[in-house]
Amino acid sequence: MRCGDFKESYIKDEQIFQSLFVKFWLVVFILFLFVLPFMADPYVMYIANLIGVAVIAAIGLNILTGFTGQISLGHAAFAGVGGYTAAILMTRFDLSFWLALPCAGIMAALAGLVIGIPSLRVKGLYLCIATLAAQFIFEFIFIHWESMTHGIRGINVPAPTLGAIVIDTEKKFYFLTLGIAVLAVGFARNLVRSRVGRAFVAIRDRDLAAEIMGISLFRYKLTAFAISSFYAGMAGALWVCFMRIVTPEQFPFHLSIQYLAMVIVGGMGSILGSIFGAVFMTLTPELLNVISGAVSKAYPTLGQLFIPMKEVVFGTLIVVFLIFEPLGLAEIWRRIKAFFLLWPFSY
Amino acid sequence: MQRRLLIPVLAMVAVLIFTSQSIAEEVVKVGAVQPVTGRFAFAGVHINAGLQDALMIANEEGGINGKKIQYIMEDGTYNVDVAVAAFKRIMSRDNPVVMYGESTGMGKAVAPEIKERYKVLYSSTSFSSELANAADNPFVFVPGPTYSDMFGILLKYIAQEKPGANVAFFYSDTEFGKDPVPYGREMCKKLGLNLVAEEVAKVGGVDVASQVLDLKRKNAEFVIFQGFVTSPVDAVIKQARDYGLKAKFMGTHWGTHKMLLDKLGPLAEGYLGVMPYAFYYQDEVPIMAKIKAWNKTHHPEVEYRPTSYMQGFFTGQVFVECLKRADQMGQIDGETLVKALQSIKDVDVGGMMAPITVVNNKIPMGRVYKANVQKGIFEPISDWIHTD
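Note that the protein sequences, when read in sequence, are chains A and B. Numbered by the numbering used here, the letters in the first sequence go through residues 1 to 347 in order. Numbered by the numbering used here, the letters in the second sequence go through residues 1 to 388 in order.
Looking at chain A on its own, in the form it has when it is part of the complex:
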């Protein structure tokens, strides 16, 4: 019987796939993700795509906020930069999606670098406000640089193609989102256990101490901003190509807050937490919508009361989760695992 997990070296402690058991279930999960589109209807696939995009963006923000400790309220703006870059490259320069996607990431990363500069001087709430400014500056640019962004009307984006295949349905796009999300998770998971990742954590825990230890704050803070924005840019580009349109209204301030909420609800400083957070924040409102829709369909008078209630329920759920587990969903998951690890002989 299994009664614990013993490791003999730090390398083993940092292993991603710690046991055969983990590997097995991960393979089962990945298989499930691949089989899902063959069983689900377009609506479920649409939601799956939204979750995939949210996962990528949330991981990006978690690298910056959860691992490096730099709060950003401009994440949606970086997603917007990515989205617009992809849209403009694909429509004006007829660039293929596969080239436009990394370009979108790089452009967003450059924007992130610039916006990240104040982080060298200001911290905490002050940085929060500095990044908030970025959100509004970029939103302004999206609306008013009409020759490039077509202002409020937005740009219609063609569907990505792969050879002769046009990726225009939720199902086809899902494989694209899934592939990129898996790459994004894999890269982030490896990044945080590398030298760079350790530097990030050191900065988060105490930046002065980190600098004394020889970590260049300039370099690592800006790297964190760039990587985080790169993720946001990719997410934005994917989203835009999925919706086939980009307008400034897709990247409002409240999306930045939503990304931050994903990171906090999921668990700061945890890649798994970002995934949980993205799933939770996307799925819960949808579930509430489905339930309230079903109620209003059966009892039209009751629906009038029930539909506005879902916002209240959603808000309450977040608060309750945070009260009972401030470390987020990732910690709840860890506790569940720990419970079953020693079950039924817990002590």
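In short, the hints are calculated from the structure, not lab data. It is possible that part of the hints are untrue.
[As the list claims (entries may be wrong)] Below, a list of computed lysine-lysine pairs in the BS3-like style, where the Cα atoms sit at most 30 angstroms apart:
(1) B/K258 <-> B/K248
(2) A/K12 <-> A/K23
(3) A/K7 <-> A/K337
(4) B/K67 <-> B/K345
(5) B/K29 <-> A/K310
(6) B/K119 <-> A/K171
(7) A/K172 <-> B/K115
(8) A/K172 <-> B/K29
(9) A/K171 <-> B/K29
(10) B/K119 <-> A/K172
(11) B/K248 <-> B/K375
(12) A/K171 <-> B/K115
Mind docking chain B on chain A? Use the hints.
Same frame as chain A, now just chain B:
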């Protein structure tokens, strides 16, 4: 604790879903994504009520040649991604033949798929000119004039009242605000009006002194608002009066409602607006008696129904007309519905509008109304004006 709660909740949901699906008779499904929560909810709840009432009244009067209409509504919260999700949920679960949507953004996002995949008759809360284009979006129709048409109607009215007048546009920095401006400029040229100023302000803003001073400097005689609901229209009119500007102020559909009159109070003197639909208090309109009787029995708490309700109601009337025609043509599906829509010519809608004719998937006509401050209502001062 969690498990104890979960089972009853699931059971309740299951019961709700199954009871609602046990209706066996032949039905025609009409789906709707309505902004009943979120920042557009002030109008969304009324649009929803209006659309639903129109369909239910049609049901009571025999449905679509005997088939009952089933109305399926979900909340879109006025967020594009939520609304598109609700749209796809309804489409894959219920597969209706007619869909109603919310914002222009949502319309643009689903338009390609409606054309290529879903093929449903689609209308929405948006009067955007971009969507009303039968060549690009054959399935999409605007239940009334577009914002551009509304501008056209107002400008025609101005040209009649005072040829060569100084006109100014005052619009918000949103899609909603900018939509009719290019067409408005063109119309000014065509009608020989003098477009002296274009002012831009934020929705809900109060700091409009510089714009108002500019209007005065350029001696604007008619100012048309677009893209606002209440603020900053009240602030603009107040400051204009303070500065002694004698211009006449006008609004399009979302600027011609009771809420604005109540907010303006005595400042509303002389305010004009264009409205395609009848008002709740227009007792001379035959359909209004039916609406009032229906509301009395089904919504006894209701005292007044705003213009957004009429918008929803009128859309419902057009839906019913299309469904009836399509049914007579032999098949209720998207393509037949579009044919039915385009065949609508001089159809009586009980006075909700003048007899309607669908042109390029819209109904480009409206009437100019003037505010009556004492009664707090709008009164018609022009006949029906058509554009195109």
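- Item | Hints breached by this structure | The structure breaks none of the hints.
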